[in-house]
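Work the whole structure out from these sequences, hints included.
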Amino acid sequence: MTYPAPRAVAGTRIGFPPWAQTVTGIVLVAALFEIVPQLGLVPAAYLPPLHDVVGALAEEAGRSQFWFALYETLRGWAIGLAIAAVAAIGLGVLIGTTPFLLVATRSTIEFLRPIPSVALIPLAVLLFGADLRSKLLLIVYAAFWQVLIQVLYGVQDVDPVADDTARSYRFSRRGRIRYVVWPTALPYVMTGLRLASTVALVLAVTGELVIGAPGLGQQIALAQSGAAIPTLYALVMVTGLVGILINTLARWAERRMLSWHPSMRGEAVA
Amino acid sequence: MSAVLRRLAATMALPALLVVAWWWTSDASTNFYLPPLRQILAAFADVWIGDRFATDVLPSLARLAAGYLIAAVVAISAGVVIGQSRVVRGIAEPGLEFLRAIPPPVLIPILILFAGIGDQMKIIVIAVGAVWPILLNTVEGVRAVDQVLIDTARSYRISGLSRLRHLTLPAAGPQIFAGLRQALSIAIILMVISEMFAAREGLGFAIIQFQRTFAIPEMWSGTILLGLLGFVLATLFRMVERRVLFWYFGQRAAARDH
Numbered sequence: 001m002t003y004p005a006p007r008a009v010a011g012t013r014i015g016f017p018p019w020a021q022t023v024t025g026i027v028l029v030a031a032l033f034e035i036v037p038q039l040g041l042v043p044a045a046y047l048p049p050l051h052d053v054v055g056a057l058a059e060e061a062g063r064s065q066f067w068f069a070l071y072e073t074l075r076g077w078a079i080g081l082a083i084a085a086v087a088a089i090g091l092g093v094l095i096g097t098t099p100f101l102l103v104a105t106r107s108t109i110e111f112l113r114p115i116p117s118v119a120l121i122p123l124a125v126l127l128f129g130a131d132l133r134s135k136l137l138l139i140v141y142a143a144f145w146q147v148l149i150q151v152l153y154g155v156q157d158v159d160p161v162a163d164d165t166a167r168s169y170r171f172s173r174r175g176r177i178r179y180v181v182w183p184t185a186l187p188y189v190m191t192g193l194r195l196a197s198t199v200a201l202v203l204a205v206t207g208e209l210v211i212g213a214p215g216l217g218q219q220i221a222l223a224q225s226g227a228a229i230p231t232l233y234a235l236v237m238v239t240g241l242v243g244i245l246i247n248t249l250a251r252w253a254e255r256r257m258l259s260w261h262p263s264m265r266g267e268a269v270a
Numbered sequence: 001m002s003a004v005l006r007r008l009a010a011t012m013a014l015p016a017l018l019v020v021a022w023w024w025t026s027d028a029s030t031n032f033y034l035p036p037l038r039q040i041l042a043a044f045a046d047v048w049i050g051d052r053f054a055t056d057v058l059p060s061l062a063r064l065a066a067g068y069l070i071a072a073v074v075a076i077s078a079g080v081v082i083g084q085s086r087v088v089r090g091i092a093e094p095g096l097e098f099l100r101a102i103p104p105p106v107l108i109p110i111l112i113l114f115a116g117i118g119d120q121m122k123i124i125v126i127a128v129g130a131v132w133p134i135l136l137n138t139v140e141g142v143r144a145v146d147q148v149l150i151d152t153a154r155s156y157r158i159s160g161l162s163r164l165r166h167l168t169l170p171a172a173g174p175q176i177f178a179g180l181r182q183a184l185s186i187a188i189i190l191m192v193i194s195e196m197f198a199a200r201e202g203l204g205f206a207i208i209q210f211q212r213t214f215a216i217p218e219m220w221s222g223t224i225l226l227g228l229l230g231f232v233l234a235t236l237f238r239m240v241e242r243r244v245l246f247w248y249f250g251q252r253a254a255a256r257d258h
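Protein chains in written order, with the working numbering: chain A, 1 to 270; chain B, 1 to 258.
A few of these clues could be false.
Reference excerpt, derived from the structure (chain A facing chain B, CB under 7 angstroms, subset only) [claimed, not checked]: (1) P18; (2) Q21; (3) T22; (4) V29; (5) A31; (6) S107; (7) F111; (8) V118; (9) P122; (10) L201; (11) T206; (12) V210; (13) Q224; (14) T239; (15) G243; (16) I244.
Some chain B residues well away from chain A (every beta-carbon gap over 12 angstroms; in silico) [to be verified]: (17) W23; (18) A28; (19) A45; (20) V74; (21) V80; (22) L169; (23) Q175; (24) W247; (25) R252.
Here are the in silico distance ranges between beta carbons for each label pair [to be verified]: (26) B:L228 to A:A253: 32 to 38 angstroms; (27) B:A144 to A:F16: 18 to 24 angstroms; (28) A:I83 to B:A9: 31 to 37 angstroms; (29) B:L58 to A:Q65: 29 to 35 angstroms; (30) A:P99 to B:R252: 20 to 26 angstroms; (31) B:R212 to A:L222: 17 to 23 angstroms.
Source of the hints: derived by calculation from the structure; they are not laboratory data. From a predicted model like this one, the values you see are computed outputs, not experimental measurements. Just so you know, even glycine gets a beta-carbon here, dropped at the ideal spot from N, CA and C.
As structure tokens, then:
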């Protein structure tokens, strides 16, 4: 028995393929960015046309300060994220697998988590000055909670039957964590890491911008105080590109680490 | 009764322990940067319960509310439009993804160019930063509305506003609230940072001022106030969410009990 081929929904797929939509979107944004200041709708002094910004970007790319700033931002991001991840996964597994700790720490976690990490800026400045450690304090605090919450969710999602089975076979606590808890929690951990990697970038750049620690944020503050408007826009664009890069990387890592997981396999088959 | 008491004890034990530990270990502290908790609490009462509440805290909160509300209205309306059309979504996506990826605080120098350094700039900063998580979640939520429900609504000729009111918004509700929650913490961050840049009043301004004049206990009290603020707003948000999405939480609880 044969079925008629499914009709594409509303015919959009045939007439206007996704890649063409993406290209149209990019061209449209770029054109707006170029034309709006050219027409004088917005003073060009505030919003320079795209070609000026691209020119400034090319100029930046030729300066070693720019590459050093990019390196500093990424370094702070990576170190902060790593510290937060290790601490949050370790504590999360410990708390999540110990019912007593889970109950005892809940209110404290609920209280500490929503504290905005920027509240720590004055403290960071006093303790460390305009230093990498100031940035790290902000990044670690903000990223830690993102991962911890996900780890706690993940650990509690363990299938009771699987856990009881492991117990019946006299798995040690370590064995149960390794073979039952960890595989269950991993998708949550990866989600937490993906969210944390975005937050860590925001806090890294914020720390540089406000505290003056070396990095892209500091370059932006310099461009602002020097009234180098096209450079300012170029640097902001770079932070956006770094953000996209980090997001793409995080999604790729997530797919790779979870290639065995049904949620990922399902996508490939369907 | 004893179950309630036990839960109360479990909730309060660790926080109480931590506060007592902080009080004790810091009480004899001579470290300039880590003053005794006793002094911090005294400073808290002096600084925040009085004039400063009206001159610094209230304006900050007003700007936060204004920016957040603008972001919510703009993002949900735009999200509904973008989410309902596949083509619009495809075209808007690259731009939105890019704008979302920019860390919001770096927009402050740019927005200062346009809006100066007054209230207007701060409200715009908060709105611009908070808009993306709400927008993208609304788009996702609207996109994922059950096709059967959409077809049913069409069969019954439910369209326009009543379709929005009874189908699209409720179906996308949980996702929209997820975006609103993310946006809230971003909005608080931006409220503080925008005041650290250029301001004459506000919570962020006051805290930085204390730090620059080395009024350390006062600075600590500001940090504590910000923490309390974050906690209170998150709690309020949860209450609103539970109220608006009561049917959703009920459904989930029912599914769990089965």
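Verification of the supplied hints:
For P18 (chain A), the shortest C-beta to C-beta distance to chain B is roughly 6 angstroms, which falls under 7 angstroms, so the interface hint holds. Residue-level restraint check for Q21 (chain A) holds (minimum Cβ-Cβ distance to chain B is 3 angstroms; threshold 7 angstroms). Taken as an interface hint, T22 (chain A) checks out: its beta carbon lies about 5 angstroms from the nearest beta carbon of chain B, inside 7 angstroms. Taking 7 angstroms as the C-beta contact cut-off toward chain B, the hint placing V29 (chain A) at the interface holds, the least distance being around 4 angstroms.
The beta carbon of A31 (chain A) comes no nearer than 11 angstroms to any beta carbon in chain B, farther than 7 angstroms, and the hint placing it at the interface is violated. Annotation: interface hint on S107 (chain A) holds; nearest CB of chain B at approximately 4 angstroms, less than 7 angstroms. For F111 (chain A), the interface hint holds, the least distance from its beta-carbon to any beta-carbon of chain B being 5 angstroms, beneath 7 angstroms. The criterion of a C-beta within 7 angstroms of any C-beta in chain B is met by V118 (chain A), whose closest approach is roughly 5 angstroms, and the hint holds.
Interface hint status for P122 (chain A): upheld, as the beta-carbon distance to the closest one in chain B is roughly 4 angstroms, under 7 angstroms. Because the beta carbon of L201 (chain A) sits about 6 angstroms from the nearest beta carbon in chain B, less than 7 angstroms, this interface hint is met. Interface hint at T206 (chain A): satisfied, since its Cβ lies 4 angstroms from the closest Cβ of chain B, which is below the 7 angstroms cut-off. Hint status for V210 (chain A): holds, given a least beta-carbon distance of 6 angstroms to chain B, under 7 angstroms.
Satisfaction of the interface hint for Q224 (chain A) is found here, the shortest Cβ-Cβ separation to chain B being roughly 4 angstroms, below the 7 angstroms cut-off. For T239 (chain A), the shortest C-beta to C-beta distance to chain B is roughly 5 angstroms, which falls under 7 angstroms, so the interface hint holds. This hint holds: G243 (chain A) has a C-beta 3 angstroms from the nearest C-beta of chain B, less than the 7 angstroms allowed. Taking 7 angstroms as the C-beta cut-off, the interface hint given for I244 (chain A) holds, the closest approach to chain B being about 5 angstroms.
Every Cβ of chain A is farther than 12 angstroms from the Cβ of W23 (chain B); the closest lies at roughly 16 angstroms, confirming the non-interface assignment. Every C-beta of chain A lies more than 12 angstroms from that of A28 (chain B), the closest at about 20 angstroms, which supports listing it as non-interface. The claim that A45 (chain B) is not at the interface with chain A holds, since no C-beta of that chain comes within 12 angstroms of its own (minimum 19 angstroms). For V74 (chain B), the shortest C-beta to C-beta distance to chain A comes to about 18 angstroms, beyond the 12 angstroms cut-off, and the non-interface label holds.
Remark: the non-interface label on V80 (chain B) is consistent with the geometry, its nearest Cβ contact in chain A lying 18 angstroms away (cut-off 12 angstroms). Annotated as non-interface, L169 (chain B) keeps its C-beta farther than 12 angstroms from every C-beta of chain A; the closest such distance is 22 angstroms. Taking the minimum C-beta to C-beta distance to chain A, about 15 angstroms, the non-interface status of Q175 (chain B) holds against the 12 angstroms cut. At roughly 23 angstroms from the closest C-beta of chain A, the C-beta of W247 (chain B) stays outside 12 angstroms, upholding its exclusion from the interface.
At roughly 14 angstroms from the closest C-beta of chain A, the C-beta of R252 (chain B) stays outside 12 angstroms, upholding its exclusion from the interface. For the pair L228 (chain B) and A253 (chain A), the supplied restraint of 32 to 38 angstroms holds, since their beta-carbon distance comes to about 36 angstroms. For A144 (chain B) paired with F16 (chain A), a C-beta distance near 21 angstroms keeps the hint of 18 to 24 angstroms intact. For I83 (chain A) and A9 (chain B), the hinted distance range of 31 to 37 angstroms is satisfied, since their beta carbons lie about 33 angstroms from each other.
In this structure the hint that L58 (chain B) and Q65 (chain A) lie 29 to 35 angstroms apart at CB is violated, the actual value being about 42 angstroms. Our hint of 20 to 26 angstroms for P99 (chain A) and R252 (chain B) holds, since their Cβ atoms are close to 23 angstroms apart. Between R212 (chain B) and L222 (chain A) the C-beta distance comes to about 20 angstroms, which sits within the given range of 17 to 23 angstroms.
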